[in-house]
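*Asks:* One letter stands for each residue in the lines below.
There are 2 protein chains.
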Amino acid sequence: MDLDFKKSDGLITAVIQDHQSGRVLMVGYMNEDAFRLTVERGYAIFWSRSRQRLWLKGESSGHKLIVKSIQTDCDQDAVLVRVEAIGPGVCHEGYESCFFRTLEAGQWSVTEARTYNPKEVYDK
Amino acid sequence: MDLDFKKSDGLITAVIQDHQSGRVLMVGYMNEDAFRLTVERGYAIFWSRSRQRLWLKGESSGHKLIVKSIQTDCDQDAVLVRVEAIGPGVCHEGYESCFFRTLEAGQWSVTEARTYNPKEVYDK
Numbered sequence: 054m055d056l057d058f059k060k061s062d063g064l065i066t067a068v069i070q071d072h073q074s075g076r077v078l079m080v081g082y083m084n085e086d087a088f089r090l091t092v093e094r095g096y097a098i099f100w101s102r103s104r105q106r107l108w109l110k111g112e113s114s115g116h117k118l119i120v121k122s123i124q125t126d127c128d129q130d131a132v133l134v135r136v137e138a139i140g141p142g143v144c145h146e147g148y149e150s151c152f153f154r155t156l157e158a159g160q161w162s163v164t165e166a167r168t169y170n171p172k173e174v175y176d177k
Numbered sequence: 054m055d056l057d058f059k060k061s062d063g064l065i066t067a068v069i070q071d072h073q074s075g076r077v078l079m080v081g082y083m084n085e086d087a088f089r090l091t092v093e094r095g096y097a098i099f100w101s102r103s104r105q106r107l108w109l110k111g112e113s114s115g116h117k118l119i120v121k122s123i124q125t126d127c128d129q130d131a132v133l134v135r136v137e138a139i140g141p142g143v144c145h146e147g148y149e150s151c152f153f154r155t156l157e158a159g160q161w162s163v164t165e166a167r168t169y170n171p172k173e174v175y176d177k
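Chains as they are written, first to last, in the working numbering: chain A, 54 to 177; chain B, 54 to 177.
Among these hints, one or two may not hold up.
A pair holds if it fits inside one copy or across any two, identical chains being indistinguishable in the list.
Cut-off 20 Å, straight-line C-alpha distance, at most; resulting in silico cross-link-like pairs (DMTMM-like, lysine to aspartate or glutamate) [claimed, not checked]:
no., residue 1, residue 2
1, Lys121, Glu137
2, Lys172, Glu146
3, Lys121, Glu157
4, Lys121, Glu93
5, Lys59, Asp86
6, Lys60, Asp130
7, Lys172, Glu112
8, Lys172, Asp128
9, Lys121, Glu165
10, Lys59, Asp128
Rather than coming from a laboratory, the hints here were simulated on the basis of the structure.
Using the sequences and the accompanying hints, generate a full structural model.
*Replies:* Here it is, written out as structure tokens:
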């Protein structure tokens, strides 16, 4: 059984979940190469849609994602990757998770504190 | 701050997570109408890419998803919807979660038992 890369222009959706807390940390996209490399190397590797290239998560920040398990869904066009996240946060904006905004009374509010200063990590 | 529906042909990715157990139950896609209706009605409503129409999850099975919270990610092209799932399972193949297959030694294996018989639900 193979993954279905045809439905979304060669990409599958990858949900990244902390293997211990269960927190959803980010959503990324993988082409066939990114998925194969993720399995082979044991670190999450995505296809960056904005930069149009393979992207080892953490390549600049050091905040890599160590793969603990990979599951796929019924129609095989998404994967759930449980990880151990290295470092204080997955989000490039300085948060533990990219999902740091919550819908409250029709407005998106930042509902948690930063876990690190992104300027100290990315502007070296 | 609005969601970014432009990046993927008018769709955002919606990760559905059980609000109590933290289990990721499914991944769906929402257009602007589906997202607005999800917020207004309090049940998860998707854009079905295969049927090209709005899809109230549970409209035929009764297995609706009651929205408990909605979060968005840093680039606003994905939402994390925490839900209370009505019924024995979210997956139309009879499982609690659509992510019932795990990669083991290079093969996808079904790694859990069905929670209901889909024929009894969908072939009425």
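*Asks:* Sort out which numbered hints this structure fails and list those numbers smallest first.
*Replies:* none
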